[in-house]
Structure formats: C-alpha cells, structure tokens
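**Q** Given only the sequences and the hints, what does the whole structure look like? Please build it.
Below, each chain spelled out in residue letters.
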Amino acid sequence: MADLRVNIAGVNFKNPVIAASGTFAFGEEYAAFLDVSALGGIALKALTPEIRPGNPPIRIAETPSGILNSVGLQNPGVDAFISGILPRIRRFDTVKIANVAGRTEEDYYTVIEKLNDTEIDMFELNVSCPNVKQGGVTFGTDPNSMAAIVAGAKARAKKPLIVKLTPNVTNIALMAKTAEDAGADAVSLVNTFTAMAINAKTRRPVLANVTGGLSGPAIKPIALRMVHEVYRAVSIPIIGMGGIMTGEDAAEFLLAGASALMVGTATVAEPDAMIRILGELNKFLDENSAATARELTGALEY
Amino acid sequence: MADLRVNIAGVNFKNPVIAASGTFAFGEEYAAFLDVSALGGIALKALTPEIRPGNPPIRIAETPSGILNSVGLQNPGVDAFISGILPRIRRFDTVKIANVAGRTEEDYYTVIEKLNDTEIDMFELNVSCPNVKQGGVTFGTDPNSMAAIVAGAKARAKKPLIVKLTPNVTNIALMAKTAEDAGADAVSLVNTFTAMAINAKTRRPVLANVTGGLSGPAIKPIALRMVHEVYRAVSIPIIGMGGIMTGEDAAEFLLAGASALMVGTATVAEPDAMIRILGELNKFLDENSAATARELTGALEY
Amino acid sequence: MIKKHDICRVASLEPLAKDTYALTLKVNGDMLKYFRPGQFAHIRLPHAGEHLLRRPISVNTIDREAETMRFAFLIQGEGTRRLSQCRPGDELDILAPLGQGFRVKESHQKIWLVGGGIGIAPLLSLRDTVPGREYTAFLGYKSREYAYERKEFEGFCKAVHVTSDDGSIGEKNFVTEALRRELEKEKPDVILSCGPLPMFRSLKRVWEEDGRDVETQVSMEQHMGCGTGGCYTCTCMVAGAMKRVCMDGPVFDIREVKL
Amino acid sequence: MIKKHDICRVASLEPLAKDTYALTLKVNGDMLKYFRPGQFAHIRLPHAGEHLLRRPISVNTIDREAETMRFAFLIQGEGTRRLSQCRPGDELDILAPLGQGFRVKESHQKIWLVGGGIGIAPLLSLRDTVPGREYTAFLGYKSREYAYERKEFEGFCKAVHVTSDDGSIGEKNFVTEALRRELEKEKPDVILSCGPLPMFRSLKRVWEEDGRDVETQVSMEQHMGCGTGGCYTCTCMVAGAMKRVCMDGPVFDIREVKL
Ligand SMILES: Cc1cc2nc3c(=O)[nH]c(=O)nc-3n(C[C@H](O)[C@H](O)[C@H](O)COP(=O)(O)OP(=O)(O)OC[C@H]3O[C@@H](n4cnc5c(N)ncnc54)[C@H](O)[C@@H]3O)c2cc1C
Ligand SMILES: Cc1cc2nc3c(=O)[nH]c(=O)nc-3n(C[C@H](O)[C@H](O)[C@H](O)COP(=O)(O)OP(=O)(O)OC[C@H]3O[C@@H](n4cnc5c(N)ncnc54)[C@H](O)[C@@H]3O)c2cc1C
Ligand SMILES: Cc1cc2nc3c(=O)[nH]c(=O)nc-3n(C[C@H](O)[C@H](O)[C@H](O)COP(=O)(O)O)c2cc1C
Ligand SMILES: Cc1cc2nc3c(=O)[nH]c(=O)nc-3n(C[C@H](O)[C@H](O)[C@H](O)COP(=O)(O)O)c2cc1C
Ligand code: FES
Ligand code: FES
Numbered sequence: 001m002a003d004l005r006v007n008i009a010g011v012n013f014k015n016p017v018i019a020a021s022g023t024f025a026f027g028e029e030y031a032a033f034l035d036v037s038a039l040g041g042i043a044l045k046a047l048t049p050e051i052r053p054g055n056p057p058i059r060i061a062e063t064p065s066g067i068l069n070s071v072g073l074q075n076p077g078v079d080a081f082i083s084g085i086l087p088r089i090r091r092f093d094t095v096k097i098a099n100v101a102g103r104t105e106e107d108y109y110t111v112i113e114k115l116n117d118t119e120i121d122m123f124e125l126n127v128s129c130p131n132v133k134q135g136g137v138t139f140g141t142d143p144n145s146m147a148a149i150v151a152g153a154k155a156r157a158k159k160p161l162i163v164k165l166t167p168n169v170t171n172i173a174l175m176a177k178t179a180e181d182a183g184a185d186a187v188s189l190v191n192t193f194t195a196m197a198i199n200a201k202t203r204r205p206v207l208a209n210v211t212g213g214l215s216g217p218a219i220k221p222i223a224l225r226m227v228h229e230v231y232r233a234v235s236i237p238i239i240g241m242g243g244i245m246t247g248e249d250a251a252e253f254l255l256a257g258a259s260a261l262m263v264g265t266a267t268v269a270e271p272d273a274m275i276r277i278l279g280e281l282n283k284f285l286d287e288n289s290a291a292t293a294r295e296l297t298g299a300l301e302y
Numbered sequence: 001m002a003d004l005r006v007n008i009a010g011v012n013f014k015n016p017v018i019a020a021s022g023t024f025a026f027g028e029e030y031a032a033f034l035d036v037s038a039l040g041g042i043a044l045k046a047l048t049p050e051i052r053p054g055n056p057p058i059r060i061a062e063t064p065s066g067i068l069n070s071v072g073l074q075n076p077g078v079d080a081f082i083s084g085i086l087p088r089i090r091r092f093d094t095v096k097i098a099n100v101a102g103r104t105e106e107d108y109y110t111v112i113e114k115l116n117d118t119e120i121d122m123f124e125l126n127v128s129c130p131n132v133k134q135g136g137v138t139f140g141t142d143p144n145s146m147a148a149i150v151a152g153a154k155a156r157a158k159k160p161l162i163v164k165l166t167p168n169v170t171n172i173a174l175m176a177k178t179a180e181d182a183g184a185d186a187v188s189l190v191n192t193f194t195a196m197a198i199n200a201k202t203r204r205p206v207l208a209n210v211t212g213g214l215s216g217p218a219i220k221p222i223a224l225r226m227v228h229e230v231y232r233a234v235s236i237p238i239i240g241m242g243g244i245m246t247g248e249d250a251a252e253f254l255l256a257g258a259s260a261l262m263v264g265t266a267t268v269a270e271p272d273a274m275i276r277i278l279g280e281l282n283k284f285l286d287e288n289s290a291a292t293a294r295e296l297t298g299a300l301e302y
Numbered sequence: 001m002i003k004k005h006d007i008c009r010v011a012s013l014e015p016l017a018k019d020t021y022a023l024t025l026k027v028n029g030d031m032l033k034y035f036r037p038g039q040f041a042h043i044r045l046p047h048a049g050e051h052l053l054r055r056p057i058s059v060n061t062i063d064r065e066a067e068t069m070r071f072a073f074l075i076q077g078e079g080t081r082r083l084s085q086c087r088p089g090d091e092l093d094i095l096a097p098l099g100q101g102f103r104v105k106e107s108h109q110k111i112w113l114v115g116g117g118i119g120i121a122p123l124l125s126l127r128d129t130v131p132g133r134e135y136t137a138f139l140g141y142k143s144r145e146y147a148y149e150r151k152e153f154e155g156f157c158k159a160v161h162v163t164s165d166d167g168s169i170g171e172k173n174f175v176t177e178a179l180r181r182e183l184e185k186e187k188p189d190v191i192l193s194c195g196p197l198p199m200f201r202s203l204k205r206v207w208e209e210d211g212r213d214v215e216t217q218v219s220m221e222q223h224m225g226c227g228t229g230g231c232y233t234c235t236c237m238v239a240g241a242m243k244r245v246c247m248d249g250p251v252f253d254i255r256e257v258k259l
Numbered sequence: 001m002i003k004k005h006d007i008c009r010v011a012s013l014e015p016l017a018k019d020t021y022a023l024t025l026k027v028n029g030d031m032l033k034y035f036r037p038g039q040f041a042h043i044r045l046p047h048a049g050e051h052l053l054r055r056p057i058s059v060n061t062i063d064r065e066a067e068t069m070r071f072a073f074l075i076q077g078e079g080t081r082r083l084s085q086c087r088p089g090d091e092l093d094i095l096a097p098l099g100q101g102f103r104v105k106e107s108h109q110k111i112w113l114v115g116g117g118i119g120i121a122p123l124l125s126l127r128d129t130v131p132g133r134e135y136t137a138f139l140g141y142k143s144r145e146y147a148y149e150r151k152e153f154e155g156f157c158k159a160v161h162v163t164s165d166d167g168s169i170g171e172k173n174f175v176t177e178a179l180r181r182e183l184e185k186e187k188p189d190v191i192l193s194c195g196p197l198p199m200f201r202s203l204k205r206v207w208e209e210d211g212r213d214v215e216t217q218v219s220m221e222q223h224m225g226c227g228t229g230g231c232y233t234c235t236c237m238v239a240g241a242m243k244r245v246c247m248d249g250p251v252f253d254i255r256e257v258k259l
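Top to bottom, those sequences are chains A, B, C and D. So the first sequence is residues 1 to 302, counted in full-length UniProt numbering. So the second sequence is residues 1 to 302, counted in full-length UniProt numbering. So the third sequence is residues 1 to 259, counted in full-length UniProt numbering. So the fourth sequence is residues 1 to 259, counted in full-length UniProt numbering.
Think of the hints as simulated: they come from the structure by calculation, not from any bench. Do not rely on the hints blindly, as some may be mistaken.
Taking lysine-lysine and the BS3-like style, the derived pairs with C-alpha atoms no more than 27 Å apart in a straight line are [stated by the list, open to error]:
(1) Lys201/A / Lys177/B
(2) Lys3/C / Lys14/A
(3) Lys158/D / Lys172/D
(4) Lys201/A / Lys14/B
(5) Lys14/A / Lys201/B
(6) Lys18/D / Lys283/A
(7) Lys18/C / Lys201/A
(8) Lys33/C / Lys18/C
(9) Lys18/D / Lys201/B
(10) Lys26/D / Lys3/D
**A** This is the structure in structure tokens:
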C-alpha cells in the first residue's frame with residue numbers, strides 16, 4: 001500500500017486521481033456508482049456568470065479510441081451553483097476545484113469573486129475550451145491574452161489558481177511558462193483537441209456544432225509529450241491528463257512530470273473508472289517498489 | 001464504377017489514393033503484395049542531399065489506434081536514389097512524388113535541383129517532419145520560414161510543388177495560406193503529431209529518440225478538422241491524410257475538402273490496404289450515387 | 001450502493017425479425033429490484049477495443065424469477081452489429097437500469113401504448129412491471145419483415161392496432177393515424193410512446209388536435225456518452241431548459257419536450 | 001503474385017511450457033513453397049481493434065503435406081496474450097513468409113544450432129527444411145518450467161546440449177559456455193543462432209575467442225511496423241549501414257551486425 005498523497009500548491013489531496021472537469025458533472029450523479037470521497041479531488045463542470053444552455057445536440061461522437069464532445073459549457077450559472085448545488089456536494093470529503101469559464105475577462109473574474117468565499121478549494125481557469133466560439137480558447141492560444149487573464153485572475157483569487165492549457169498550440173511549454181510567470185500556482189493539461197467527425201453517407205458533420213473536442217486514449221501520446229515538455233519548462237506543479245484509462249497510464253503521466261492526474265473520458269466510458277484506476281495505480285507502485293506516488297513525478301529516465 | 005480520376009496542379013492521377021511518404025519506401029518492396037501501378041501515386045521516402053542513417057532503434061511504438069515512429073529521415077541520399085533506385089521504379093505506371101527534406105534551405109534546393117530533370121512528377125516539400133532535431137519542423141511552424149523556403153523551392157522546381165504541413169501548430173489555415181501565397185501548387189496534410197510513449201515499468205521512453213510522430217486512426221478527427229479549415233482558407237488543391245483505413249474514411253477527407261488522399265499507417269498495418277481502400281471508395285461512390293470522386297471534394301453540408 | 005454496473009452473462013440471442021434481435025442477459029437482483037418500464041441499459045460492446053462509448057438499449061422485458069433482462073434491438077451500425085453476434089455464455093459489461101422511465105400513476109388505468117419500429121420494444125416492459133391495467137397497443141412497423149413481438153402485445157392488451165408503411169402487415173397507415181381514429185372514439189388515461197422523431201412529430205399533431213387533455217409521455221433518443229448524468233452530451237430541450245435524456249429522461253411529457 | 005497475405009485458420013493451440021504456446025495454422029501452398037528456415041510471419045491480433053501493429057513470430061515447424069505452419073511463442077504482453085487465447089477454427093490475418101532466414105549452403109554439412117529461450121523455436125524449422133545434415137543443438141532455457149521442444153531436437157540432432165540458468169534442467173551454465181567447450185574440441189561448418197541480445201553478446205565473445213573461422217549467423221529481433229520493408233522502423237546497424245531486420249534480416253552475419 002503505497003503512500004498516494006500529493007500536494008498541489010499547498011492543497012492536500014489524499015491521492016492524485018481527480019475527476020476532469022465536464023465529465024463528472026458536480027459529482028452528485030456518481031454517488032450511485034462510487035464513493036466520491038475516495039477520490040483525490042473533483043474538478044466541477046465549468047461555471048460561467050450566467051446560465052448557459054450549451055450547444056445544440058448531437059453533442060458527442062465516437063472516434064477510434066477517442067470521443068468528440070461539443071457540450072459548449074452548459075451550466076446553471078455560478079449563482080445557481082452556489083445556492084443550489086454547492087450545499088448538496090459539501091458532504092463529499094474531497095478537494096473541490098471550480099472550473100472557471102467565460103466569454104470575457106470580466107466573466108472569469110466574476111465567477112472567481114463569487115466563489116472566493118465558498119468552500120471551493122481551488123480554481124481551474126479554463127482558457128482552453130474549444131467548444132465556444134468567442135473567448136475561451138483564444139485566451140489559451142495567445143501568450144499576451146494568457147498573461148493578462150492569469151494575472152487578473154490571480155489578483156482576485158483567494159484560492160490557489162490552476163491554469164488549464166489547450167493542446168491546440170505550436171508551443172505549449174511557452175504557454176505554460178507564460179501562465180507561471182503571470183502567477184499561476186499550477187497548470188493542468190491537456191484540454192481537448194479541436195477535431196471533427198463526418199458522416200460520409202449523409203455528407204454532414206456528426207456534431208451539430210461541426211467541430212468538437214477530442215479526448216481519450218487516442219490523444220494520450222500527444223498529451224504525454226506535452227506534459228513532458230511543460231515539466232522541463234516550469235517549476236509549478238502539473239496536473240496531467242488525456243486518455244488515462246488505467247493505473248499504468250496514470251503512472252506514465254507521473255513519470256512524464258505530472259504531480260496529479262485528471263480522468264475524463266474513462267469516466268464517460270465507465271462511471272467507476274477512477275476507483276479502478278486508483279487501485280491499479282496502487283498495485284503498480286507496490287509491484288514496482290515505489291513507496292509513494294510522488295516519487296514518480298518526473299522520474300522518467302532518458 | 002465511378003470515375004476516380006483527379007487532377008492536382010496539372011498532374012493527372014488515375015485515382016485519388018496515394019501512398020504516404022515514408023510508409024511505402026520507394027515502392028519496390030510492395031510489388032510482392034499489390035499492383036503498384038494501380039495506385040493514384042506514390043510519395044517516395046524523404047530524400048536529403050546526403051545519405052542519412054536516421055535515428056537509433058527502437059523506432060516504432062504502438063499506441064491506442066495509432067503508431068509512433070521516429071525513423072528520422074533515413075535515406076540513401078538523392079544521388080544514390082537517382083542512380084540506383086529510380087531506374088528500377090520507372091516501371092511503375094503511377095505518379096511519382098519526391099518527398100524533399102533537409103536541415104537547411106540549401107539542402108531542400110539541392111534535392112529539388114538534382115531531381116528536376118528526372119522522371120519524378122511532383123515535389124512534396126517536407127517542412128513538417130517531427131523526427132529531426134534541427135530544420136524540418138521549424139520551417140513548418142513559423143510563417144516567415146515557411147514563406148522563404150516555399151518561395152525558394154518554387155523558384156527552382158521544374159515540377160509542381162506540394163507543401164506538406166505539420167499539424168503541430170496553433171493555426172494550420174494560416175500556414176497553408178502562407179504556403180499558397182509563397183507559390184505552393186498544392187498542400188498535403190497532415191504529417192504526424194509530436195508525441196511520446198512511456199514504458200512505466202522501465203521508466204523509460206519506448207522510442208530511443210524519446211519523441212516520435214503519431215499517425216493512424218487516432219488522429220483522424222483532428223486531421224479532418226484541419227483539412228476542413230485549410231479548405232476554407234486556400235484555393236489550391238489539398239491532399240488529405242491522417243488515419244485513412246477504409247474507403248469511407250477516404251470519402252470523409254474528400255468531403256472535408258481534399259482532392260486526393262494519402263495513406264500511410266494503413267499500409268504499415270496491411271501491405272495491400274490501399275487496394276482495399278480504393279475498392280471500398282469505389283463502392284461507396286456507387287452506393288451513394290456519386291459519379292466521380294471529384295464531386296465529393298468540399299461537398300460537406302453544414 | 002445498488003449494483004448498477006456489472007458484468008452479465010448472455011443467456012440467449014435470437015433473431016426476432018429482419019435485422020432485429022433479442023438479447024437476454026442474466027442480471028443481478030439489484031438491477032431488477034427498482035426497475036421501472038422505459039428504463040434502459042448502457043452496454044459496452046464486446047471486444048470494445050477502439051470503441052469507447054456504450055450503446056443505450058431499452059429494456060424490452062424482465063423476468064424477476066429467472067433474474068433476466070431482455071433487450072430487442074435493430075442493427076444500425078458497428079455496435080448493434082456486434083451485439084447481434086453475441087453467443088450464450090459471453091459476458092457483457094452493462095450499466096442498468098438507467099433513466100427515469102415512464103411515470104405510471106395509480107390513476108392511469110386505461111393505458112395506450114404507441115410504438116414505432118424498434119421503439120415498440122420498451123413498451124413491452126409494461127406487461128412485466130405494471131400488470132392489471134387496461135392496455136391498448138398501436139404498433140407501427142416498416143413492413144412485415146421487420147415486424148416483431150406482435151403476439152406478445154396481443155397477450156396482454158385488450159386491442160392491438162397494427163400498421164405498416166407498405167401494408168404488408170396490418171393496415172397501410174401511419175401508426176399515429178390509427179391512434180387518431182381511436183382517439184376520436186374514446187380517450188385513455190395516459191399515452192406512453194416510443195419511436196423515431198418523425199413519429200413523435202406526427203404524434204404531437206394528433207395529440208394537439210384530438211388528445212390535448214390526455215397525458216402523453218414520449219421516450220426520446222439522443223447520442224449519449226456516460227448514460228449516468230455526468231457529461232451533459234445527451235441533451236434535449238424540455239420546458240426551455242437543456243435536460244439530460246439519460247438521467248432526466250428518456251421519458252418526457254409531450255407538452256414540454258421540443259421535438 | 002505469390003499469396004503472402006492471407007486469412008488462415010487456427011488448427012490448434014497447445015501449451016508447451018510455462019507462458020509458452022504452440023500455434024498451428026492451416027496456410028496456403030504459396031506460403032510454404034518458398035519457405036526458408038528462420039523466416040517469420042507477421043500476425044495481426046485477433047479482434048485487433050485499437051492494436052494496429054502485427055506481431056512478428058518466427059516459424060517453428062512446417063508441414064508441407066498438411067499445409068500447416070506452427071509457431072512457438074512466449075507471452076510478453078497484450079499481443080502474445082491474445083494469441084494464447086486463440087481457439088481452433090479462429091481466423092488470423094497473417095503475412096508469411098517474411099525475411100531472408102538462415103543462409104544454408106551445400107558446404108554447411110555440420111550445423112550447430114544455438115538457441116536461447118523462445119529463440120530456440122525458429123531453429124527447429126531446420127529439421128523440416130534442410131534435412132540430411134549433421135546437427136548439434138545447444139539449447140539454453142531459463143529453467144525447467146520454461147523448457148520446450150527438447151525432444152524434437154533430440155529427434156534429429158546428433159547431440160543436444162541443454163543448459164539452464166538455475167540448473168533445473170540440463171547443466172547450470174550459459175548456453176554459450178557449453179558451446180565454447182565444444183568449440184574447443186571441434187568446429188562446425190556453420191553456427192545458426194537465435195536468442196536474446198545478451199546471449200548474442202556472449203556468443204560474439206565466444207566466437208571471437210574460439211570460433212573466428214566459423215561462419216555464424218544470428219537472427220535479430222527489433223520492434224517492427226510493416227514487416228515488409230516499407231517503413232524502415234525495424235533497423236539495426238549492419239556493416240556500418242542501417243538495415244531492415246524484416247527484409248534484409250532477420251538473420252545477419254555475426255561479423256557484420258552491431259550487437
Ligand atoms: C434511451 C435509448 C434507448 C434506446 N433503445 C433502443 C432499443 O431498445 N433498441 C434499439 O435497437 N435501439 C435503441 N436505441 C438506439 C440505439 O442506442 C442506437 O441504435 C445504437 O446506439 C446505434 O449504435 P451502432 O453502433 O449500431 O450505430 P452507429 O450509427 O454506428 O453508432 C455510432 C454512434 O452513434 C450513436 N447513435 C447512433 N444512433 C443513435 C440513436 N438512435 N440513439 C442514440 N445513439 C445513437 C451510437 O451510440 C454510437 O455512439 C436507444 C437509444 C436511446 C438513447
Ligand atoms: C523476426 C522476429 C521473430 C520473432 N519470433 C518470435 C517467436 O518465434 N516467438 C516469440 O515468442 N517471440 C518472437 N519474437 C518476439 C515477438 O515479436 C514479441 O515478443 C512480441 O511482438 C511481443 O508482443 P506483445 O504484444 O505480447 O508484447 P508488448 O511488449 O506488449 O508489445 C508492444 C509492442 O512492442 C513490440 N515488441 C515487444 N517486444 C518485441 C520484440 N522482442 N521483438 C519485436 N517486437 C517487440 C510488439 O510487437 C508490439 O508492437 C520475434 C520477433 C522478431 C522481430
Ligand atoms: C464531455 C466532456 C466535457 C468536458 N467539459 C469540460 C469543461 O467544462 N471544462 C474543461 O476545462 N474541460 C472539459 N473537458 C475536457 C476534460 O476535462 C479533459 O481535459 C479532456 O477530456 C482530456 O482528458 P480525458 O482524455 O481523460 O478525457 C470535457 C471533456 C469531455 C469529454
Ligand atoms: C513510419 C513512418 C514514416 C514516415 N516518414 C515520412 C517521411 O519520410 N516524410 C513525410 O513527409 N512523412 C512521413 N511520414 C508521415 C506520413 O507520410 C503521413 O503524413 C502520416 O503518417 C499521417 O498519415 P497516416 O495516418 O495515414 O499514416 C511517415 C509516417 C510513418 C508512419
Ligand atoms: S450521456 Fe452523459 S449526461 Fe447523459
Ligand atoms: S518493419 Fe517496416 S521496414 Fe521493417
């Protein structure tokens with residue numbers, strides 16, 4: 001039984017497995033399938049200042065070893081979250097991360113300020129959602145916008161700030177470094193790759209939104225490379241993700257440089273996947289004589 | 001029996017299925033498995049001015065629905081190609097495309113000038129190989145370098161010039177437009193995504209080169225999106241590729257905007273895959289009442 | 001915790017009609033205990049490999065004693081094709097039961113079932129779960145070759161109205177037109193319906209014109225990810241809000257759901 | 001065109017030793033016609049799904065009359081695990097025969113076979129393809145549990161020297177040390193060898209010290225893509241040039257190949 005505890009930007013996690021934003025709703029739904037308090041943390045569904053209906057359906061497509069989604073940040077708005085949902089998820093004894101989104105810089109700041117005095121433990125700045133036409137992803141692809149919004153968020157946030165990076169860039173190490181220099185306490189990567197599926201018979205895109213975000217094992221090799229590159233570029237902790245389906249996948253991300261992990265698509269495929277992954281990671285550590293999960297971080301030999 | 005003929009930059013292809021560079025060597029090896037002359041064309045293994053040994057092995061790894069390679073442009077050099085190999089592949093009645101690579105701009109020009117008076121039909125400027133440390137990929141990620149090398153190559157080339165784009169960029173439409181404006185007669189995309197595989201037990205990268213290029217069905221949704229984006233940005237023809245394994249995959253790339261297709265990983269998995277894909281594409285066109293392959297190009301409805 | 005995620009053994013797989021199969025699984029007691037008609041299972045494909053998504057299939061019949069659940073499905077693509085190749089003894093990873101199902105109240109004594117094509121399948125589960133009501137069924141098939149389970153409906157319904165697109169079985173008519181004819185004569189306490197979207201659109205017209213006071217529940221389809229409410233990919237518009245078909249549905253009130 | 005790519009039926013699958021299996025396939029005549037010892041097949045996994053790459057496995061024995069090819073393999077990972085679950089009647093997509101194999105000349109009358117672990121398997125194909133020579137075998141196993149096919153070698157070899165790492169079968173020694181001892185007594189016309197890289201490194205030392213004049217051929221392993229010479233991923237350094245194991249090899253001269 002290895003020691004799975006990790007610490008990210010001063011926050012203690014009982015283990016490094018965190019639900020990825022947008023794939024675990026606000027956690028409640030999963031109480032029927034697993035002990036939510038057994039998870040290291042949960043990144044909640046993205047929150048914006050106002051209620052958002054998201055994109056029209058069809059919103060999901062299956063691709064080889066991957067899935068495409070175009071949910072488009074559907075959420076009840078930060079106020080409804082605070083009054084209606086937060087009191088119900090208080091009972092989960094796990095780190096709660098608010099995924100913060102919006103169209104404008106002000107949107108992000110509004111969400112942060114409203115959540116500052118709640119029991120949310122951390123913020124995850126979602127500057128990388130490919131499913132919204134304006135805002136979102138542009139912050140994540142341009143270093144100047146990135147610097148501005150991270151600095152602005154950091155100045156307002158009373159909790160540690162994670163910046164979630166998009167993989168749709170030429171140089172992700174540069175974007176990570178920009179976030180670090182602007183005050184980010186940690187980075188998480190990767191969000192989804194902008195992609196599309198076509199139904200050749202109908203000659204139409206499968207998704208109503210035309211494009212969506214690709215996640216799952218298909219992208220794991222690119223995500224691993226990016227975590228590895230970012231690890232060499234920054235000194236803040238990294239939360240790695242992209243196609244983690246097994247404990248061994250989790251170990252690979254730790255070795256590449258991650259201090260903790262997020263799991264998204266695996267949960268979509270199998271509601272209790274994170275519990276299985278935790279068990280497998282534990283077993284992997286034992287079998288490979290690692291006493292802690294922490295010692296794997298960046299321990300890749302090459 | 002649909003009409004499969006296509007024309008790219010004035011060159012006639014009997015059908016749109018072309019062997020992707022680096023996966024079909026110089027074609028000879030495949031005479032044991034298929035009628036090479038039945039293919040629309042073959043993009044030959046990358047050529048550099050001098051002989052190159054490539055990267056050390058292990059050079060290949062399997063990933064979910066993908067493969068990673070780090071061959072690193074191993075080739076006999078353009079002179080040995082012209083004297084030793086070209087005379088032997090003359091017999092194939094198919095469009096022969098030379099994939100041109102190098103470290104410096106001069107390297108590319110040398111290869112082009114040496115091949116100008118041979119029976120090579122087209123050039124494919126490989127500014128996108130992720131497996132060489134210098135050169136190569138930098139030309140493909142920076143618009144200024146791209147413009148310079150494409151203009152230089154175009155000024156020297158006596159055959160139509162295809163520019164092969166890397167997907168490892170923030171804005172592939174911009175890179176395609178840059179190539180078009182600098183004189184490219186066509187673009188081909190995508191080359192492989194920089195990626196890595198880790199053996200968690202040994203704590204080492206699987207590839208000796210640490211990173212390699214990801215290809216195969218895993219990347220198809222991203223490749224399709226990029227072809228679609230480039231189609232809206234340029235008016236030169238597009239050769240689409242990335243995970244084409246079936247005739248229906250081929251049709252999807254045509255619909256997204258490609259005029260012809262390249263097939264790489266499918267051949268690695270199954271030597272005669274291109275013949276199967278051709279048959280399936282033909283059948284698909286017949287069953288979906290398309291009289292020609294050409295009419296699918298860009299015919300996506302949305 | 002109720003065991004809603006389990007590996008279940010295939011008890012049998014039989015052809016029902018053209019491209020239509022019945023799959024019977026041996027399931028655990030928890031899956032049957034709280035089962036309500038109209039709920040579905042989310043089935044991982046055999047040898048799933050590169051296929052990450054499960055396939056949602058409504059429960060067709062249940063047998064609490066034998067501890068089995070049966071599904072009827074139509075081959076649409078790779079997923080349903082693979083399911084049609086299952087053999088007894090194979091194992092399937094399933095999530096069940098999911099969704100809210102039909103909301104049948106005490107006051108619903110006279111129940112009319114309106115099904116189109118493979119949408120007929122979930123309606124049969126009423127027989128096993130809500131016995132002792134007066135049922136009438138309206139079954140619309142494409143043609144005789146695709147007709148399945150008519151006999152089963154005849155076994156528990158007072159009347160069964162069969163229509164087909166080409167008249168090769170029952171009357172040549174839209175199933176919703178057969179419904180209209182009967183609605184003009186009498187009204188049930190509730191209409192429970194499942195079928196393709198175009199059928200629901202006709203149903204809505206018939207309902208507006210001849211059945212406005214009759215509570216009508218429709219079971220919607222949507223492409224799904226998790227099936228468990230986590231990913232918000234399976235939405236449809238209900239009373240102005242984006243609802244999850246998997247968790248808030250699949251059954252919605254025809255007055256509220258945008259068709 | 002010779003039919004080198006075909007769907008072949010599994011005739012049998014038997015355990016040979018711990019984690020070691022023999023897979024026999026019914027193959028087409030073309031695959032056997034030009035077969036040479038040391039060649040391999042490139043096998044697509046059953047239900048390959050997300051696994052795009054084939055697995056290279058040397059031919060262990062052939063039977064021209066029954067039109068079968070047999071492979072012996074050791075479970076290493078997912079691919080070989082799946083092969084070990086094949087059942088008679090299953091179909092496998094294979095490419096065979098590939099590579100150059102051992103180059104046995106008329107002058108090679110006295111042939112010594114040196115195999116380590118699963119590398120012993122391809123050496124048995126000499127029995128079926130180059131009969132009438134004087135064979136001596138040196139077989140190195142990890143331990144008794146992993147020992148397989150010793151009897152078969154005894155059936156056609158003048159002498160069989162068995163070693164194991166722990167002495168649980170044969171003498172406790174490196175197989176290359178057993179070879180050294182015999183080389184000090186007499187020299188064969190050729191040594192044909194297959195085994196892991198560390199064994200080849202010892203073999204090279206033994207060869208340098210005691211067998212410099214003896215032609216020695218080693219069968220190399222490398223991670224492969226196509227198996228057919230197209231992708232250049234399977235290289236090793238031979239006489240200063242990067243050669244393809246799949247097409248130029250897998251057998252190379254010990255003087256030339258970089259170990
Ligand atoms: C709540 C619910 C209950 C259902 N009950 C039944 C049933 O009892 N019997 C039956 O035959 N079918 C039923 N369906 C439809 C069934 O889920 C689809 O036919 C099936 O998913 C198609 O998968 P495929 O791989 O064969 O087809 P493909 O077209 O290859 O599927 C590709 C992808 O699209 C999705 N998809 C395609 N069509 C549909 C659809 N109509 N609804 C949802 N997802 C779709 C698939 O799940 C898959 O992810 C139900 C759908 C829902 C939402
Ligand atoms: C010419 C040749 C002949 C061979 N003959 C035999 C034989 O007769 N019997 C036998 O048991 N094994 C043989 N091998 C080794 C066998 O190919 C590997 O053990 C097998 O590919 C491992 O696959 P896996 O999925 O079980 O293991 P994994 O480790 O999960 O494989 C992952 C990937 O690495 C590749 N790989 C891993 N190990 C090797 C290796 N040693 N050589 C080549 N590729 C590897 C696999 O092909 C796969 O692509 C031979 C290899 C070569 C090159
Ligand atoms: C259905 C779905 C919805 C998502 N919604 C969000 C979101 O709201 N905010 C966000 O930052 N990331 C979102 N993501 C991205 C995931 O959090 C994660 O970054 C990505 O899926 C890669 O991890 P995976 O391969 O484990 O899924 C979403 C992903 C999926 C599949
Ligand atoms: C083994 C291998 C070698 C490759 N070598 C080259 C090369 O020399 N030049 C080049 O432009 N692309 C090279 N590529 C990239 C392919 O031509 C193609 O762009 C890519 O693999 C995507 O297509 P696919 O998914 O069909 O393989 C190589 C790909 C593979 C798999
Ligand atoms: S399918 Fe995930 S919320 Fe319905
Ligand atoms: S495996 Fe492709 S060249 Fe050898």
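**Q** Each hint needs a verdict: does it hold in this structure or not?
**A** Okay, the hints, checked on the actual structure:
| no. | hint | result |
| --- | --- | --- |
| 1 | Lys201/A / Lys177/B | violated, 30 Å |
| 2 | Lys3/C / Lys14/A | holds, 26 Å |
| 3 | Lys158/D / Lys172/D | holds, 21 Å |
| 4 | Lys201/A / Lys14/B | holds, 24 Å |
| 5 | Lys14/A / Lys201/B | holds, 24 Å |
| 6 | Lys18/D / Lys283/A | holds, 24 Å |
| 7 | Lys18/C / Lys201/A | holds, 22 Å |
| 8 | Lys33/C / Lys18/C | violated, 33 Å |
| 9 | Lys18/D / Lys201/B | holds, 22 Å |
| 10 | Lys26/D / Lys3/D | holds, 14 Å |
Going down the numbered hints, you'll see the structure goes against 1 and 8, while the others check out.
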